[in-house]
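Colleague: Dock chain B against the given chain A, drawing on the hints supplied.
Chains A and B are the protein sequences, given in the same order. If you're matching positions, the first sequence starts at 1 in our numbering and goes up one per residue. If you're matching positions, the second sequence starts at 1 in our numbering and goes up one per residue.
It cannot be assumed that every hint is accurate.
One side of the interface only, derived from the structure: several residues of chain A facing chain B at Cβ under 10 Å [stated by the list, open to error]:
(1) H15
(2) W17
(3) V36
(4) Q54
(5) F55
(6) L74
(7) L98
(8) Y136
(9) Y206
No wet-lab data here; the hints were simulated from the structure. Quick reminder that beta carbons are idealized off the backbone N, C-alpha and C, glycines included.
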Amino acid sequence: MPPAFRNPATMRTIHAWLLLLPALAFIAAFTHYPAVNTFIHSFFLDGRGGAPAQFVGLEHYQYLLEDEVFRKALVNNLLFASGTIPLSIGLAMTMAFLVNAGLAGQSVLRLCYFVPTVLPMIAVANIWLFFYTPEYGLLEQIRGALGLAGVNWLGSESTALPCVIAVAVWKDAGFFMIFYLAALQQIPPSLGEAAMLEGASRLYYYRRVVIPLLMPTTLFVLVNATINAFRMVDHLFVLTQGGPNNASSLLLYYIYEVSFKYWDTGYGAALTMVLLGFLALASIGQFGFLDRKVHYR
Amino acid sequence: MSQTNIYDSRGLARVLDTAAAWTLAVLWALPLLYAVWTAFHPSEFSTRFTLAAPLTLDNFRAAWDAAPFARYLVNTVLLVTLVLSGQLVLCTLAAYAFAKYDFPGKGILFALVLMQLMIMPDVLVVENYRTMSAIGVLDSTLAIGLPYMASAFGIFLLRQTFKSIPKELDEAAAVEGASTLQILWKVYVPLGKPVYLAYALVSVSYHWNNFLWPLIVTNTTNSRPLTVGLQVFSSTEQGVDWSIITAATLMTSGPLLIGFLLFQRQFVQSFMRAGIK
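If we strip away everything but chain A, and leave its shape as in the complex, we get:
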């Protein structure tokens, strides 16, 4: 046996590497390698019909600046994020307070709030599609009964994006509620008793004691909600296909169209770089959060 293999420290290092190797190989092959390749391919134009790819430098990035559809998808995505994130977090917190308040039938309440989480987005979007359908959809029937004029919810540029936001909020709020519930149950009741002795009002207790104590959870949920806002596009396939006139298109949906409908994967790579940029921003928050979690232990 060579002397190095008799050294226990070396042996432990080799063991560790062997244990890690399979997982690392997969993550490298399907996360790091494609991420790096996205960057490289964003400088190339795909060769058509078997021709080699052609280096075009920053051309794709220059085109980004003039591409109206990209600008629209980007603005939509920012609007989508600024709609879904605060609404779903606010509702999630409200739901957790209500479920945790010892009201009648609280397990049924929790079930109702949580159930959208386990349903496939693509399936529930079909149900929402019917709600939004002009003339005979549920929403229009209600408006018709009230004598209001008809609205083409998904077919008008002004309402398509808000409709898509509503579906996303409905899907995510119950999921985030779970994390708030877990956090609420960690708060000792003695805190409430102490606050009561001090004469704090209910509102004051929630605003100054409970919500600050939920901050780590809010941060965790915030990062997840941000990632979701740039990742969740399934419902667009059913509801609007990004339309009308790209009024509800989001970045990842546009990447899909460019890469797999028009097969311009070079430009698709440049678009993916923009998306990765946003995810990297969210990741800075996440790393800070994970570090703090580890220190608490």
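Modeller: Below, chain B alone, put in the same frame as chain A:
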């Protein structure tokens, strides 16, 4: 599950809270309740709500006959099984190394793994499609599953669990002459059971529901999962009546939904556990 809180509302405030809670609950359950109504009644009752409406299973029969849902179901079950078994093996090995070994470069490797939490395979579809095409596995269950086999989330979750297991236990096992893998299998895996269950539920529901990547990488009935099959069915059969599409929608979500209703407690607690670790 909740303890009584001194600040729980009383009197009129409590009535208002209850009303708000139930209004929200009805709003949240409405799409599902509506889908159940439409799917189990003839199509002329899809917007007429009357107790006199007759119940029927015809919509389910029509949907089942119109598209190969049985095949889609088999594909989905194969997919979630493949992904979950891959994840359990790979994540257990990696998590053990990160939790119990000290070696040069550990910090950097762990950071590299965690990168996957942000840059998920979901957004790298263009390049992963290229890879699947290069290795010749396009349009297969394997192609849908490969990018998800090693999960940073699973590694992180299991590493936290393994770290909390006292070292004396594996020292004792080592004295008995157990090898590294035996210690892992006989000591760590059994102690991590609740976390494995939590992770499994989260993983299965994620991959049962996943859509974009399977849509891109499959193009025949041989490999399409339920989500993609449903989309193909409902977008090509737009003329078909609404009740049939709703029945198909329920069939797609059915097995997972029934599983959720039966094991509600475990589901909710698993999602909680997976989130707070």
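Colleague: Tell me the numbers of any earlier hints that the structure contravenes, in ascending order.
Modeller: As far as the earlier hints go, 4, 5 and 6 are violated by this structure, in ascending order.
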